[in-house]
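Using the sequences and the accompanying hints, generate a full structural model.
So in numbering that gives the first Met the number 0, the last spot in the sequence shown is 372, and the numbers never skip.
Keep in mind the hints are simulated off the structure, nothing from the lab. Computed from a predicted structure; not experimentally measured. Heads up, a few of these hints could be off.
Said to hold, decoys possible - Here are the simulated lysine to any residue pairs, SDA-like style, with alpha carbons at most 20 angstroms apart: (1) K226 with E203; (2) K226 with T169; (3) K229 with M181; (4) K240 with E209; (5) K118 with R156; (6) K240 with A278; (7) K226 with E193.
What the hints assert, rightly or not - What follows is a set of in silico ranges between Cβ atoms, one per label pair, in the way DEER data are often shown: (8) Y263 with R340: 35 to 41 angstroms; (9) S303 with K240: 21 to 27 angstroms; (10) N85 with Y263: 34 to 40 angstroms; (11) Y263 with A74: 47 to 53 angstroms; (12) M161 with A74: 26 to 32 angstroms; (13) E216 with D245: 21 to 27 angstroms; (14) N220 with E179: 45 to 51 angstroms; (15) R200 with K118: 26 to 32 angstroms.
Idealized CB from N, CA, C, for every residue including glycine.
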Amino acid sequence: MDRHLKPRIFTRHTCTGAVLVGFVLLFAPSASGQSSEFTLSGATPEGIRAWERSESAPLTGDGAVIADARRALAADDPNRAFRLINEWIEANDGLGNPWFPEALLIRGDALVARNSEYKALYDYERLIRQYPQSEHFATAIERELNIALRYFDGLRRRLFGMRILDASDTAVELMIRVQERMPGSQLAERAAIELADFYYRRREMSLASEAYELYLENFPNGPNRLKAEKRLIYSDVARFKGPQYDASGLRDARVRIRNFAQRYPGEAERTGINEGLIARIDESVASQMLESALWYQTQNEWPSMRYTLRRLIRSHPQTLAAQRAMDIMEERGWTVDDAARQRVRDADAVRFEGGASEMVEPVDADAREEDES
0 MDRHLKPRIF
10 TRHTCTGAVL
20 VGFVLLFAPS
30 ASGQSSEFTL
40 SGATPEGIRA
50 WERSESAPLT
60 GDGAVIADAR
70 RALAADDPNR
80 AFRLINEWIE
90 ANDGLGNPWF
100 PEALLIRGDA
110 LVARNSEYKA
120 LYDYERLIRQ
130 YPQSEHFATA
140 IERELNIALR
150 YFDGLRRRLF
160 GMRILDASDT
170 AVELMIRVQE
180 RMPGSQLAER
190 AAIELADFYY
200 RRREMSLASE
210 AYELYLENFP
220 NGPNRLKAEK
230 RLIYSDVARF
240 KGPQYDASGL
250 RDARVRIRNF
260 AQRYPGEAER
270 TGINEGLIAR
280 IDESVASQML
290 ESALWYQTQN
300 EWPSMRYTLR
310 RLIRSHPQTL
320 AAQRAMDIME
330 ERGWTVDDAA
340 RQRVRDADAV
350 RFEGGASEMV
360 EPVDADAREE
370 DES
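Take a look at the structure:
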């Protein structure tokens, strides 16, 4: 199975065997020779849906085998279901039998019910790749998404009968395939947000930022739009590791914060995505510029140092870094624009020093909120 560690742009963040069976219509032969069709009834006032049986035309031959395997799954006997359908698949492989796509789906469901979900992926993949016109195409894709969710939740793959292999790479690839195969669908939307959330929980902020941005591009009106916009800001902020590192993510976050606060003022105030966060971003960007100026000093690049300090004072006058830059300029006898000097002197008394460490707090709090939910 191919592995891709990064999400791609698609067309321009636990399921048991019993749950899987719920997606399949069940046909079981009755004592009278007729077959019984099992479907979910409408919900009662209490919200309960039950299986109902109705009599239909008798099933014979291949249809009877398929129905028997389904019946075994419904009876929570995946071993019998697997034996029945596996023998049928081996006998009919390559013969063009119209029941073959459904047989692959049933065998995959039986394997999942037997806790062999990774082996089930081979049947689901074969159905998806070889029978895209099948009515079971979307169902197989949904099965793969459910397996990926289990892997995201920490389920490990088996090795020598023990679940010891990390399966996160497999889950990432499955989520990507869902989006590629059913672009614009509800399944693709679910896969997109789950993939982004997975990177976010793992603190892989560069990948999380890219994944949330892709979600907003592909699903601008999606149900998780608000969460994606917030997480995109938090991810860009958390990517900043300190004054010695690139601050481009902070500049992107600054623009997004203003747009977010304008469109969602109440949510921005509740979550702290407001001017307070922008002040911390400004302090961090200014610190990065000050660090650059000090590096020019070690290289005896005095014109570059002076230019950087002046730009810092002019661009971020209300920061502690600007005050330090002003002190350096005066010590060296370098002139400073009077207007810029006055802005530094008039800056608010409250400044955010070391903004990078404080800015990861929204990320951690947001992740904790998700874990608790």
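Evaluation of the provided hints:
1. K226 with E203: 17 angstroms, holds
2. K226 with T169: 25 angstroms, violated
3. K229 with M181: 26 angstroms, violated
4. K240 with E209: 18 angstroms, holds
5. K118 with R156: With a Cα-Cα distance of about 10 angstroms, the restraint between K118 and R156 holds, given a limit of 20 angstroms.
6. K240 with A278: 17 angstroms, holds
7. K226 with E193: Holds: K226 and E193 sit about 12 angstroms apart, inside 20 angstroms.
8. Y263 with R340: 35 to 41 angstroms: The hinted range 35 to 41 angstroms holds for Y263 and R340, with Cβ atoms some 37 angstroms apart.
9. S303 with K240: 21 to 27 angstroms: Check passed, 23 angstroms falls within 21 to 27 angstroms.
10. N85 with Y263: 34 to 40 angstroms: 54 angstroms, violated
11. Y263 with A74: 47 to 53 angstroms: 51 angstroms, holds
12. M161 with A74: 26 to 32 angstroms: 29 angstroms, holds
13. E216 with D245: 21 to 27 angstroms: 23 angstroms, holds
14. N220 with E179: 45 to 51 angstroms: Because 21 angstroms falls outside the window, the suggested range is violated.
15. R200 with K118: 26 to 32 angstroms: 27 angstroms, holds
The structure does not agree with the numbered hints 2, 3, 10 and 14 stated previously, though it agrees with the rest.
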